[in-house]
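Student: If you want the building blocks of each chain, they are given just below.
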Amino acid sequence: MGPALLRALALGLWAVVLLQSSVDGRLDLLLRSAFHPLVSAAGGVLLVLALLQLLAALQRAGGGTVRRDGPVALLSAAIALGLIVLPPNPSFADLASQRPADETGQDTLSFVLPPAQRSLTDWVRLLRSQPDPQLFVGDPVRISGFVLPMADGPPQLARLLVRCCLADATPVGLPVRWPRDQAAPRADQWLAIEGQMAVTGVPGQERLEVVPSRIQPIPQPARPLEP
Amino acid sequence: MDVLVRLNTAWALFQGLLLEALPFLLIGVLIASLARWFSPGGAWLRRLPAHPIGGPLSGAALGFALPACECGNVPVARRLLVGGAPVGTALGFLFAAPVLNPIVIASTWAAFPDQPWLLLARPLGAVLVALVLALLLRLLPEGELLRADLLEERQLAQPLATVSLLERRSGLIGLTAPTPLAQPEPARGSWREVLEHGSREFLNLALLLVAGCALAALVQASLPRQWLLAVGGAPTLSVLALMALSLVLSVCSSVDAFLALGFAAQITPGALLAFLLLGPVIDIKLVGLLGLLFRPRGLLLTTVGACLAVLLIGQWVNLWRL
Chain A
1 MGPALLRALA LGLWAVVLLQ SSVDGRLDLL LRSAFHPLVS AAGGVLLVLA LLQLLAALQR
61 AGGGTVRRDG PVALLSAAIA LGLIVLPPNP SFADLASQRP ADETGQDTLS FVLPPAQRSL
121 TDWVRLLRSQ PDPQLFVGDP VRISGFVLPM ADGPPQLARL LVRCCLADAT PVGLPVRWPR
181 DQAAPRADQW LAIEGQMAVT GVPGQERLEV VPSRIQPIPQ PARPLEP
Chain B
1 MDVLVRLNTA WALFQGLLLE ALPFLLIGVL IASLARWFSP GGAWLRRLPA HPIGGPLSGA
61 ALGFALPACE CGNVPVARRL LVGGAPVGTA LGFLFAAPVL NPIVIASTWA AFPDQPWLLL
121 ARPLGAVLVA LVLALLLRLL PEGELLRADL LEERQLAQPL ATVSLLERRS GLIGLTAPTP
181 LAQPEPARGS WREVLEHGSR EFLNLALLLV AGCALAALVQ ASLPRQWLLA VGGAPTLSVL
241 ALMALSLVLS VCSSVDAFLA LGFAAQITPG ALLAFLLLGP VIDIKLVGLL GLLFRPRGLL
301 LTTVGACLAV LLIGQWVNLW RL
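Protein chains in written order, with this note's numbering: chain A, 1 to 227; chain B, 1 to 322.
None of these hints come from the bench; they were simulated from the model.
Glycine residues also receive a C-beta, built at the ideal position from the N, C-alpha and C atoms.
Among the hints, a few may not be true.
Claimed, not checked - For each label pair, taking beta carbons as the anchor points, the in silico distance ranges come out as:
#, chain 1, residue 1, chain 2, residue 2, range
1, B, R47, A, N89, 50 to 56 Å
2, A, D152, B, A110, 32 to 38 Å
3, B, W227, A, Q216, 22 to 28 Å
4, A, L58, B, P296, 37 to 43 Å
5, A, R128, B, L7, 20 to 26 Å
Full structure from sequences and hints, please.
Tutor: Dropping the structure here:
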């Protein structure tokens, strides 16, 4: 196979990497949705370039004037193939353990959903803007997230917030009063929890925690990252 | 934590960084290829100002025409150098354009609408860093700054009078103006030639990008970020820590403002600006790409110069804002 054909193959495989990532949900795991169209468009452009390169290679034999063209194209194709056959499978708990908790948030929220409709992230943002835990005691909770082991206490239910890609993911979590008669949940397990908010801690240092009435293991959602 | 789990996380981080950067790299290669097609000899490039200050400033201003991050800028800067543009102008573009373009300014504004000083300080700081680097790299002769293959291509596009007798490889000496080019102005190439050149350039750069992203992902997966953010409130240490973080994170300039939003509340304003200024000039991911332009000495001088300039700017901002 000549260098021009190898280049066409490599470009084609990179096009497959970008286009496949756009359709198989991989991007949902890696990038914020605002960047998805850019990746898809780049995949389309690469596919066109690969076809044109193939056409040029078929019309004119050879085409490689530089000796290292072949190895570069071959190595590039091999890496692209590796990306196609080895999808990402990150441990959110491992990633979160390397990152400080997200500290962003507004002092006041302009819109607040009813308690039972709040996601885990909504709850964390609300509690940051309204730090008095007594305001929320008894509120119904219906949230989902992954189990994040904590160095200084029982595991929390957490989500990863992403502004660009997985590289900037930061965790937000809610403390949970796990049932004493059950084994501790394993890290990374996705759970849906229904229950209500309760206060824990000594006077002056109270904090809210979720008291579950129902804990249901669920598969990882299609879009596990939150903006 | 299990090594396999950590490797899985690093693999996902690698893919995230790569998939985010590849489209911008492609934009840069497409623009460089189109420039090569429309102006094969790059005659307009040689008319760009060569003034030590005016050159880098005009190069920086070219950034408004290229809405890409630093990955996309490398192939365009290479095209500028190969086409015979003054080195200072090409360096001004390379170092300032990743910040001085509409997308990056808009994303900075979108991420920090309540900090208007940043909207002014970031482009100004980027121009200042680019000027410092362009002046600093002038200390190296072109032969010690640029890679041999790039220099060889560049000399073909330069007037003979500027190429030394040994380098020009011809017997023509002592000619008066107008001086001929070392090689006649080439005709516009066929679409096949442009396609072949662009494809080769994309695949070469993609390999370097892969290496940079892999290294950045491995470092990110093994280095707890809390360590770097723990000194967030200290005036000097916070600037140094955030500079180290920008080197490690290696995200593109078009999105780094959103990333900085995540820890902006924990750090000093100077550290925030330092993070937003250093990453577009140098980071782990960029080392390989810049290696396509510079010799190791040029790369080292760029890294040291950029770090010192950004540190001073960050310190000054902390004196002003804290």
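Student: It remains to establish, for every hint, whether it holds in the given structure.
Tutor: Hints and how they fare:
no., hint, result
1, B:R47 <-> A:N89: 50 to 56 Å, "53 Å, holds"
2, A:D152 <-> B:A110: 32 to 38 Å, "35 Å, holds"
3, B:W227 <-> A:Q216: 22 to 28 Å, "37 Å, violated"
4, A:L58 <-> B:P296: 37 to 43 Å, "41 Å, holds"
5, A:R128 <-> B:L7: 20 to 26 Å, "34 Å, violated"
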